[in-house]
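K.L.:
Given next are the chains, with one letter for each unit.
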Amino acid sequence: MDKKVSVKVCLGTTCFVMGSANLQELIELVPKKYGDRVDVSGVPCLGLCSIDWEFSKAPYVKVDDEVIKEATVEKVLAAIEKKLK
Amino acid sequence: MSMNSTPKQTSHLKREILVRLIKAYLSDNFAENTRLIPYAMRPKGSEVPYRCCIHKERAILRDRTVAGLGMSIEEADDSTLLSTLAEESLKREEPEKNPLTVLTTACKGCVPSRIYVTDLCQGCVARPCINTCKFGAISIQNGKSVIDPEKCKNCGMCVQVCPYQAITKIIVPCENACPVGAIAKDEDGYAKIDFEKCISCGKCVAACPFGAVHEKSQIIDILKNVKAGKKVIAMVAPAIMGQLPCKPAQLKEAIMKLGFADVYEVAQGADVTTKTEAKEFEERLEAGAEFMTTSCCAGYNELVEKHIPEMKPFRSDTKTPLYYTAEIVKKEHPDAVTVFFSPCNAKRKEAMQNPNVDFVLNYEELGAWFVALGVQVSECGEVQFKTEASAEARNYAVTGGVAKAVQTMLPEHLPTYPVVINGLDKQSIRDLKKYAKNGVCELGNLIEVMACPGGCLGGNGTVNAYKQALKQLTGYVNESKPLVNEEEHIEK
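Residue numbers (this note's numbering), protein chains in the order written: chain Y, 274 to 358; chain E, 37 to 528.
It is possible that some hints are incorrect.
[As the list claims (entries may be wrong)] In silico lysine to aspartate or glutamate, EDC-like type, Cα no more than 20 Å apart, as pairs:
(1) E:Lys-59 / Y:Asp-338
(2) E:Lys-503 / Y:Glu-327
(3) E:Lys-44 / Y:Glu-298
(4) Y:Lys-342 / E:Asp-371
(5) Y:Lys-348 / E:Glu-83
(6) E:Lys-507 / Y:Glu-301
(7) E:Lys-266 / E:Glu-186
Simulated from the structure, these hints should not be mistaken for lab results. Bear in mind that the values here come from a model prediction, so they are computed numbers and not experimental data.
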């Protein structure tokens, strides 16, 4: 059986303010679209914004080990599609 | 109806500037670091995501920073350095009067609002567009319909009758969103706000896809008072409880980490509003009134003042939750500087009219402040408010919540029929005018008016998506104590 894709939406304060508030819809949308092939969850701060004060690249989402900067719903879905191929 | 659910790159830009501005203020060289903001955001050789070239990108970021400094972009001279403006911003004693400002270089992109025949026109034989146009504005050229802009009155009849849906109305988003016709493109093609008409509702801020309409931020004024060691007290609107990724009880500590001396829930004042308004409603009905409207929404209050004065006799005389809260705070702390944490722009106007409210901070600005200081809200401790507000008061932020609260305080025998105006637009304003003119509303007698769809949670200064915000806030409401009708208790 194929390995599950893991999607972590950072809900730390910085990511939330810079846009992950609007990525929360992924948490409902992804299971509807991909069933149990993808695990999606909102997680506490991933610590990515504190590297070189990169808050301007927030919000961050991790799809498996891939870090998506300035994440949008479209970017995340595209990354999931790539992993599932 | 849009309810702050569409993620926008313009919000990201505005918030990034606010974070950098706060950082600059807290650094040892505010003026110089403010001047550098456009360069830090678009350094030499960086890609140009939105505009024609890096210079225009920087020029626009510079103008956005002017709004962040709380100044009018229209009035600021292009040749004045941001560093000079930053220093000037420190000198003012109170915020500038009109709370909105338009970045005209960003807004040039819109085509003027008009009716337009698209390529889908089949040049049909029936020609319903020509037959239906009362102004003779449509003719056939090269086998297709063409509209003469000189004759067209934008009535939209041709749009409705075209069997191919080939005719469309091109809209200017800000003009289309404004419920009172206060923003329009001037002869140069730039959007301009008519402040005589503007009700400060903030719908244009949310609607503009170029992010050209800005609130004049008061963040510098607030930072200045905190830095000066003043006793700065936060008064947080009920809507805040659904806005950040933490429990509501953690917010107090998070806000105090920014340097605030204390935090009051405006829901505390909402409890006063509920009781006063219920009593007023009962008295009015007994005196023969057919209906009464609520009076807590600042956008609606401005609407009544400027566009529906005939509604004044029907609007409740009860003050807003902010009014009562600020009164309590200033009584307990006469030396305090008060800051209202607002979900919308309209409250900036109300604050300017109330000497007890010194400044206003919206949730985008609050969020930016947390980012600038690296405050992780979910790691803050849970602290109770000195005075805990009721569940009903905390629910004021949701459409229908105010009417519901008032209803719980009314005696059962009183015939109460709540009507909810869930967002002001051209239609709901027409309805309100009709109720005022006829002195009666056929739908009910207790009319709650919210300028924003969804209530305060749909305000233009919010951060969280509406659905999630509602879920969080409802959780908080459900764990709060219900409002007690003291008079009823005495009777029993």
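K.L.:
Next, verify each hint and record whether it holds.
P.N.:
Do the hints match the structure? See the list:
{"no.": "1", "hint": "E:Lys-59 / Y:Asp-338", "in the structure": "violated, 31 Å"}
{"no.": "2", "hint": "E:Lys-503 / Y:Glu-327", "in the structure": "violated, 28 Å"}
{"no.": "3", "hint": "E:Lys-44 / Y:Glu-298", "in the structure": "holds, 15 Å"}
{"no.": "4", "hint": "Y:Lys-342 / E:Asp-371", "in the structure": "violated, 45 Å"}
{"no.": "5", "hint": "Y:Lys-348 / E:Glu-83", "in the structure": "holds, 19 Å"}
{"no.": "6", "hint": "E:Lys-507 / Y:Glu-301", "in the structure": "holds, 14 Å"}
{"no.": "7", "hint": "E:Lys-266 / E:Glu-186", "in the structure": "violated, 60 Å"}
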